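A.B. asks: In order, the protein sequences belong to chains A and B.
Residue numbering for the first sequence follows full-length UniProt numbering, beginning at 1 and increasing consecutively.
Residue numbering for the second sequence follows full-length UniProt numbering, beginning at 1 and increasing consecutively.
Worth flagging that the hints you see were computed from the coordinates, not collected in a lab.
One or more hints might be untrue.
List time: in silico DSS-like cross-link candidates among lysine-lysine, alpha-carbon distance up to 30 Å [said to hold, decoys possible]: (1) 70(A) / 23(A); (2) 158(A) / 84(B); (3) 23(A) / 84(A); (4) 381(B) / 402(A); (5) 402(A) / 439(A); (6) 23(B) / 62(B); (7) 158(B) / 158(A); (8) 439(B) / 402(A); (9) 59(A) / 70(A); (10) 381(A) / 439(B); (11) 158(B) / 286(B); (12) 84(A) / 62(A); (13) 70(A) / 402(B); (14) 62(B) / 402(A); (15) 70(B) / 381(A); (16) 84(B) / 58(B); (17) 70(A) / 381(B); (18) 381(B) / 439(A); (19) 324(B) / 158(B); (20) 88(B) / 70(B); (21) 84(A) / 58(B); (22) 70(B) / 57(B); (23) 402(B) / 439(A); (24) 59(B) / 70(B); (25) 271(B) / 158(A); (26) 62(A) / 402(B); (27) 341(B) / 324(B); (28) 84(B) / 70(B); (29) 62(B) / 84(B); (30) 158(B) / 23(A); (31) 62(B) / 158(A); (32) 439(A) / 381(A); (33) 57(A) / 70(A); (34) 271(B) / 281(B); (35) 271(A) / 158(B); (36) 70(B) / 23(B).
Chain B is nowhere near these chain A residues, computed Cβ spacing over 10 Å in every case [what the hints assert, rightly or not]: (37) 7; (38) 96; (39) 230; (40) 294.
Since the model is a prediction, treat every value here as computed from it, not as a measurement.
All residues carry an ideal CB built from backbone N, CA and C; glycine is no exception.
There are 2 protein chains.
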Amino acid sequence: MSLETPRTHYTSQVDIEQIGDDKVTVCGWVHEVRDLGGICFVVVRDREGRAQITLVKKKIDKEIFDAARKLVRESIVAVTGTAKAEGKAPNGYEIIPESIVVLNEAESPLPMDTTGKVDAELDTRLDSRFMDLRRERTTAIFKIRHEVLRAVRDFLTKDGFIETCSPKVVATATEGGTSLFPITYFDREAFLNQSPQLFKQILMSGGLDKVFEIGPIFRAEEHDTRRHLNEATSIDIEASFLDHFDVMEILENMVAYVYEQVIENEAASLKALDIELSVPKTPFMKVPYGQAIDIVNAESEETVEWGGDLGTVAEHTIGEHVFKETGESHYFITDWPTEIKPFYAMPYEDNPLISKSFDMMHRTMELSSGAQRIHLHDMLKARIESQGLNSDGFDFYLRAFKYGMPPHSGWGIGCERLVMTMLGVENIRDTVLFPRDRKRLSP
Amino acid sequence: MSLETPRTHYTSQVDIEQIGDDKVTVCGWVHEVRDLGGICFVVVRDREGRAQITLVKKKIDKEIFDAARKLVRESIVAVTGTAKAEGKAPNGYEIIPESIVVLNEAESPLPMDTTGKVDAELDTRLDSRFMDLRRERTTAIFKIRHEVLRAVRDFLTKDGFIETCSPKVVATATEGGTSLFPITYFDREAFLNQSPQLFKQILMSGGLDKVFEIGPIFRAEEHDTRRHLNEATSIDIEASFLDHFDVMEILENMVAYVYEQVIENEAASLKALDIELSVPKTPFMKVPYGQAIDIVNAESEETVEWGGDLGTVAEHTIGEHVFKETGESHYFITDWPTEIKPFYAMPYEDNPLISKSFDMMHRTMELSSGAQRIHLHDMLKARIESQGLNSDGFDFYLRAFKYGMPPHSGWGIGCERLVMTMLGVENIRDTVLFPRDRKRLSP
Chain A
1 MSLETPRTHY
11 TSQVDIEQIG
21 DDKVTVCGWV
31 HEVRDLGGIC
41 FVVVRDREGR
51 AQITLVKKKI
61 DKEIFDAARK
71 LVRESIVAVT
81 GTAKAEGKAP
91 NGYEIIPESI
101 VVLNEAESPL
111 PMDTTGKVDA
121 ELDTRLDSRF
131 MDLRRERTTA
141 IFKIRHEVLR
151 AVRDFLTKDG
161 FIETCSPKVV
171 ATATEGGTSL
181 FPITYFDREA
191 FLNQSPQLFK
201 QILMSGGLDK
211 VFEIGPIFRA
221 EEHDTRRHLN
231 EATSIDIEAS
241 FLDHFDVMEI
251 LENMVAYVYE
261 QVIENEAASL
271 KALDIELSVP
281 KTPFMKVPYG
291 QAIDIVNAES
301 EETVEWGGDL
311 GTVAEHTIGE
321 HVFKETGESH
331 YFITDWPTEI
341 KPFYAMPYED
351 NPLISKSFDM
361 MHRTMELSSG
371 AQRIHLHDML
381 KARIESQGLN
391 SDGFDFYLRA
401 FKYGMPPHSG
411 WGIGCERLVM
421 TMLGVENIRD
431 TVLFPRDRKR
441 LSP
Chain B
1 MSLETPRTHY
11 TSQVDIEQIG
21 DDKVTVCGWV
31 HEVRDLGGIC
41 FVVVRDREGR
51 AQITLVKKKI
61 DKEIFDAARK
71 LVRESIVAVT
81 GTAKAEGKAP
91 NGYEIIPESI
101 VVLNEAESPL
111 PMDTTGKVDA
121 ELDTRLDSRF
131 MDLRRERTTA
141 IFKIRHEVLR
151 AVRDFLTKDG
161 FIETCSPKVV
171 ATATEGGTSL
181 FPITYFDREA
191 FLNQSPQLFK
201 QILMSGGLDK
211 VFEIGPIFRA
221 EEHDTRRHLN
231 EATSIDIEAS
241 FLDHFDVMEI
251 LENMVAYVYE
261 QVIENEAASL
271 KALDIELSVP
281 KTPFMKVPYG
291 QAIDIVNAES
301 EETVEWGGDL
311 GTVAEHTIGE
321 HVFKETGESH
331 YFITDWPTEI
341 KPFYAMPYED
351 NPLISKSFDM
361 MHRTMELSSG
371 AQRIHLHDML
381 KARIESQGLN
391 SDGFDFYLRA
401 FKYGMPPHSG
411 WGIGCERLVM
421 TMLGVENIRD
431 TVLFPRDRKR
441 LSP
C-alpha cells in the first residue's frame with residue numbers, strides 16, 4: 001500500500017532497455033514547461049536529475065495536453081507513461097505520459113529562481129533554503145557532506161574507534177572561555193558545550209581506548225566572518241597509548257581517505273560543482289612553530305614574536321610557502337608554545353615551554369587542533385590553575401585522572417571547514433543547511 | 001615515533017602461533033595482583049580483554065619481581081615480554097615480562113569496585129562513570145550502542161537516505177510545547193530544539209527526497225522515571241512520495257537489520273551481558289488504535305475512551321496481548337485520533353477524525369512515532385491554529401509548503417530506548433555515557 005501513484009524510478013534510474021514497454025512513474029517538481037503549440041515539453045526534476053515529458057498534440061488525449069500546458073512551475077507532479085529513447089533529452093530518454101497528477105500546486109511568483117540562471121545573494125538563499133536546495137549545486141554540497149561523514153565514520157570504525165556521545169548541556173566551560181551560551185536548566189544555570197574535549201578524555205580513563213564523536217558544538221563568539229559559525233559540527237577523536245605523532249598520522253590518513261571516497265562515490269556531485277578533486281599526498285608536511293614564525297617574518301609584512309599566535313596573514317604566508325615547496329595544500333604546524341595552547345596539552349619533557357600539540361592546516365585556513373594530553377593529575381591541575389581557572393569547577397574531570405588514566409592524544413576537526421576547503425566554498429554557511437550566526441536564528 | 005613502549009597488541013590479539021618468540025607489549029590497567037610468594041600473577045586489562053603476566057621468582061630479575069608485587073590496582077602499565085601458551089589464563093596465554101613500566105599510578109582506595117563482584121548503585125556508577133566503564137558489562141553496552149548506530153546509518157544510506165543536520169538552537173518550539181530549555185543567544189531568547197521535525201520536513205520541500213538525522217534532542221520535562229531523559233539521541237527520517245505504510249516498512253526492516261548486525265558483530269559484548277538476542281520477525285503486527293483500546297478495556301483494569309491517550313498500563317496490556325498472539329515484542333499502533341497527534345499528522349481523506357499516524361512499540365514501552373505528514377499549506381496552517389498555536393511563529397516552516405511540497409512521511413525513534421529494549425536494560429541512564437536528567441548535570 002502506497003500513495004496512489006507510487007514512484008517507480010528516480011529520473012536517473014530509467015533504463016530504456018531494461019524497462020521496455022513497462023510503465024514508469026517519476027515524481028518531482030515541474031522544472032520547466034515549453035509549449036511550442038503542436039508539441040509541449042515538461043521537464044520534471046527530482047533529487048537525482050531530470051526527465052523530459054513529451055506531449056505531441058495530435059497523438060495525445062486533449063485533456064492531458066491542455067493540463068500539461070498549464071502546469072505551474074515548481075508544482076509537485078507524478079507522471080506515469082512509457083519511456084522512449086531520445087538522445088537530446090536529459091539521461092537520453094523521454095516519457096510519453098498517460099497521466100500527469102498534480103500532487104501539490106505551487107504558488108507564484110516564486111521567492112527565488114532555481115534554474116541557476118540568476119545568482120541569488122547568500123542571505124536570500126538561506127532565507128529560502130527550501131528553494132535554494134532545488135539548485136543542483138546546493139544539493140551537491142550536501143550529498144558530499146553526507147559522504148564526507150560516512151567516510152570519516154567508516155575510516156575510524158575500521159581503525160577500532162568506538163562512536164560515543166557527550167552531553168551538550170554542561171555545568172562547566174570546557175576551556176574556561178567566556179564564549180558560552182547560558183541555558184536555564186530547570187532552576188539552575190548551565191551552558192551549551194563548546195567541545196567534547198573533557199568528556200572524551202574521561203572516556204580514556206574509562207578504558208574505551210579509542211573513541212570518536214561527531215556532533216554539534218556551540219561557541220558564543222561574536223565574529224561575523226565567512227569561516228566562523230556559532231553552531232558547528234565537530235569531528236573529535238581521543239585515543240589511549242598513542243602520542244601526538246600517532247594521531248597526526250590517523251588524521252592525515254583519514255583526510256586522504258575522505259577525499260578518495262568522495263571522488264569514488266560522489267562523481268556526479270563533483271561534476272555538478274565543476275570540481276576536479278585530487279587526493280592530498282600523505283604524510284603531510286610538518287612545520288614546527290619556530291620555523292613557521294621564521295617564514296612569516298621573512299615572507300610577509302607581519303612580525304610574530306615567539307609565543308605569539310598566528311593570525312590570518314601568518315597562516316596564509318605559511319600556507320603559500322608550503323604549497324610552493326610541496327604542491328600540497330595540507331600541512332601541520334607542530335610544537336606550539338605551551339602557553340598559547342589549552343591547559344590539557346602535554347609539554348615536552350625536555351623543554352616544557354613547547355607542547356606536543358599541532359594544528360592541521362589547509363592552505364587557506366586552520367582545520368584541526370590536537371595534542372598529546374596531560375595524563376598526570378597533579379601536572380594537569382597545576383596547568384588549569386596557572387591559566388587562572390578555578391580547578392574546583394573541573395573536579396568531575398580531574399577525578400578521572402587519579403585512578404588510572406593512560407597517556408592519550410586526540411584532535412578535533414571542523415566538519416564544515418573540511419567540506420569548505422575540499423570544495424573551495426567561499427562561505428562556511430554554504431556547507432550548513434540552516435546556519436546559525438550572530439544574526440541568523442531562522443529558518 | 002610513538003610513546004616509548006608502544007602497544008603491539010590488544011590483549012585479545014595475542015596469537016601465540018603467529019607471534020612465536022617476538023616480543024609483545026600490552027598496555028592497560030592493573031586488574032589484579034596475586035602474590036603467592038614464589039610466583040606472582042598480574043592481570044592486565046584493556047578494552048578487549050585481559051592478559052596474565054606471570055613472574056616466577058627464581059626465573060626473573062629481582063627488581064621486576066619486587067616491582068610487580070607492589071603494583072597498585074588500576075594503575076596504568078605497559079608490559080613487554082614473551083607470550084607462552086597457558087590454558088588456564090585468559091585467552092589461553094601468559095606473558096613472561098621483560099619490563100613492566102608504570103605509566104600512571106592509581107591512588108587508593110578506589111572510588112568504586114570494578115571487578116563486578118560488588119554491585120554499585122546506579123548513582124554511584126554515574127558519578128564515577130570513568131570507573132564504571134572499566135566493568136565489562138558497561139563497556140559492552142556502549143560497544144553495542146556504537147554498532148546500533150553504525151547499522152542504522154548503513155541501512156538508511158544503502159536505502160538512498162542522505163544524512164543531514166538540523167540546528168539545535170532555534171527560535172520556535174517545534175510542537176508549541178512548554179517543555180523547552182531557554183537559551184540566551186546573544187541579546188535574544190532562543191530554545192534548544194525538541195526535535196528535528198520541522199527542519200526535516202523543510203528538506204522535503206528542498207528536494208532532498210530521503211533524509212535522516214541522528215542527533216541530540218532536548219526536552220525540559222520534569223519526569224523522573226527510568227525511561228525518560230532530558231537530553232537524548234533521536235534517529236529521525238523523512239521521505240518524499242512515501243506514505244505511512246511505506247515508512248513503517250522501512251522502520252521494521254531497519255530494526256530487524258540492527259538486531260542482525262549486533263548479533264553478527266557484537267557477539268562478545270552480548271556474551272558479556274549474558275544475552276541471547278533474536279531478530280524480530282517482520283512485518284510487525286499492526287493494531288489500529290480502535291482495536292488497541294478495545295484490548296485495554298477488555299484485558300485491564302483501565303478504561304480508555306476513544307480519543308484518550310494510552311498510558312503505561314494500557315501500553316503494557318496491549319504489549320502482552322500482542323506477545324501472546326505473535327510471540328513478538330515489536331508492533332505498531334496505527335490510525336490514531338487526529339486530535340491527540342501533532343498538527344503535522346495527515347488525517348485520512350475519508351475520515352479526518354483518524355490520522356495516518358503510528359507508534360512503533362516494544363512490549364515494554366513506546367519506541368517510535370511517525371506519520372504521513374500534511375503537505376498542503378492551507379490544511380497545515382488550519383491545523384496549527386486549531387491546536388491553539390500562533391501560526392506566525394511557524395512562518396519559516398509554512399513558507400516551505402507554498403511553492404512545491406511533495407507528499408511525505410517520516411518517523412523518529414529514540415536511540416536509547418532502542419538499545420534499552422534490545423538489551424533489557426532496566427534504566428535508560430545505563431545507555432547514555434553522561435546522562436542528563438532533572439537532577440543530574442554532572443559529570
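A.B. asks: It remains to establish, for every hint, whether it holds in the given structure.
C.D. replies: Here's how the hints hold up against the structure:
1. Proposed proximity of residue 70(A) and residue 23(A) is supported: the alpha carbons are some 24 Å apart, at most 30 Å.
2. The hinted pair formed by residue 158(A) and residue 84(B) meets the criterion: a straight-line CA distance of about 29 Å does not exceed 30 Å.
3. At roughly 11 Å between alpha-carbon atoms, residue 23(A) and residue 84(A) fall within 30 Å of each other, so this suggested pair holds.
4. Under the criterion of a C-alpha separation no larger than 30 Å, the hint pairing residue 381(B) with residue 402(A) is inconsistent with the structure, at around 57 Å.
5. For the hint pairing residue 402(A) with residue 439(A), the CA-to-CA distance comes to about 44 Å; that exceeds 30 Å, so the pair is violated.
6. For the proposed pair residue 23(B) and residue 62(B), the alpha carbon gap of about 20 Å is at most 30 Å, so the pair holds.
7. Annotation: proposed proximity of residue 158(B) to residue 158(A) holds, straight-line Cα distance about 18 Å (limit 30 Å).
8. Taking the CA atoms of residue 439(B) and residue 402(A), the gap is about 26 Å. The hint holds against a cut of 30 Å.
9. Of the supplied pair hints, the one linking residue 59(A) and residue 70(A) holds, its CA atoms being roughly 18 Å apart against a limit of 30 Å.
10. Among the hinted pairs, residue 381(A) with residue 439(B) is consistent with the structure: their alpha-carbon atoms are about 27 Å apart, no more than 30 Å.
11. Distance check on the hinted pair: residue 158(B) and residue 286(B) sit about 26 Å apart at the alpha-carbon level, within 30 Å; holds.
12. Annotation: proposed proximity of residue 84(A) to residue 62(A) holds, straight-line Cα distance about 21 Å (limit 30 Å).
13. The suggested pairing of residue 70(A) with residue 402(B) holds, with an alpha-carbon distance near 18 Å, which does not exceed 30 Å.
14. A threshold of 30 Å between alpha carbons decides the hint, and for residue 62(B) with residue 402(A) the separation of about 29 Å falls inside it, so the pair holds.
15. Taking the CA atoms of residue 70(B) and residue 381(A), the gap is about 27 Å. The hint holds against a cut of 30 Å.
16. Between residue 84(B) and residue 58(B), the direct Cα distance comes to roughly 18 Å. Compliance with the 30 Å bound is thereby established for this hinted pair.
17. Proposed proximity of residue 70(A) and residue 381(B) is supported: the alpha carbons are some 27 Å apart, at most 30 Å.
18. Distance restraint check for residue 381(B) and residue 439(A): the Cα-Cα separation of roughly 27 Å lies within the 30 Å cut-off, and the hinted pair is therefore satisfied.
19. The suggested pairing of residue 324(B) with residue 158(B) is violated, with an alpha-carbon distance near 34 Å, which exceeds 30 Å.
20. The straight-line distance between the Cα atoms of residue 88(B) and residue 70(B) is roughly 24 Å, inside the 30 Å bound, and the hint therefore holds.
21. A distance of roughly 87 Å separates the Cα atoms of residue 84(A) and residue 58(B); the hinted pair therefore is violated under the 30 Å criterion.
22. Between residue 70(B) and residue 57(B), the direct Cα distance comes to roughly 14 Å. Compliance with the 30 Å bound is thereby established for this hinted pair.
23. Of the pairs offered as hints, the one joining residue 402(B) and residue 439(A) holds, with about 26 Å between alpha carbons and a cut-off of 30 Å not exceeded.
24. As the CA atoms of residue 59(B) and residue 70(B) are separated by approximately 18 Å, the hinted pair is consistent with the 30 Å bound.
25. For the hint linking residue 271(B) to residue 158(A), the alpha-carbon distance of about 22 Å falls within 30 Å, and the restraint holds.
26. For the given pair, residue 62(A) sits about 29 Å from residue 402(B) by alpha-carbon distance, which is consistent with the 30 Å threshold.
27. For the given pair, residue 341(B) sits about 28 Å from residue 324(B) by alpha-carbon distance, which is consistent with the 30 Å threshold.
28. For the suggested pair residue 84(B) and residue 70(B), the alpha carbons sit about 24 Å apart, so the restraint of at most 30 Å is met.
29. The hinted pair formed by residue 62(B) and residue 84(B) meets the criterion: a straight-line CA distance of about 21 Å does not exceed 30 Å.
30. Between the alpha carbons of residue 158(B) and residue 23(A) the distance comes to roughly 25 Å, so the proposed pair stays at or under 30 Å and holds.
31. A C-alpha spacing of about 42 Å is found between residue 62(B) and residue 158(A), which places the hinted pair above 30 Å, so the restraint is violated.
32. Annotation: proposed proximity of residue 439(A) to residue 381(A) is violated, straight-line Cα distance about 38 Å (limit 30 Å).
33. A hinted pair counts as satisfied when its Cα atoms are at most 30 Å apart, and residue 57(A) with residue 70(A) qualifies at roughly 14 Å.
34. Distance check on the hinted pair: residue 271(B) and residue 281(B) sit about 22 Å apart at the alpha-carbon level, within 30 Å; holds.
35. Between residue 271(A) and residue 158(B), the direct Cα distance comes to roughly 22 Å. Compliance with the 30 Å bound is thereby established for this hinted pair.
36. The hinted pair formed by residue 70(B) and residue 23(B) meets the criterion: a straight-line CA distance of about 24 Å does not exceed 30 Å.
37. The Cβ of residue 7(A) does not lie farther than 10 Å from every Cβ of chain B; its closest approach is about 5 Å, which violates its non-interface assignment.
38. With a minimum CB-CB distance of about 21 Å to chain B, residue 96(A) clears the 10 Å threshold, and the non-interface call stands.
39. Its beta-carbon lying about 8 Å from the closest one in chain B, residue 230(A) breaks the requirement of being farther than 10 Å from that chain.
40. Non-interface call for residue 294(A) relative to chain B: holds, since the shortest CB-CB distance, roughly 23 Å, exceeds 10 Å.
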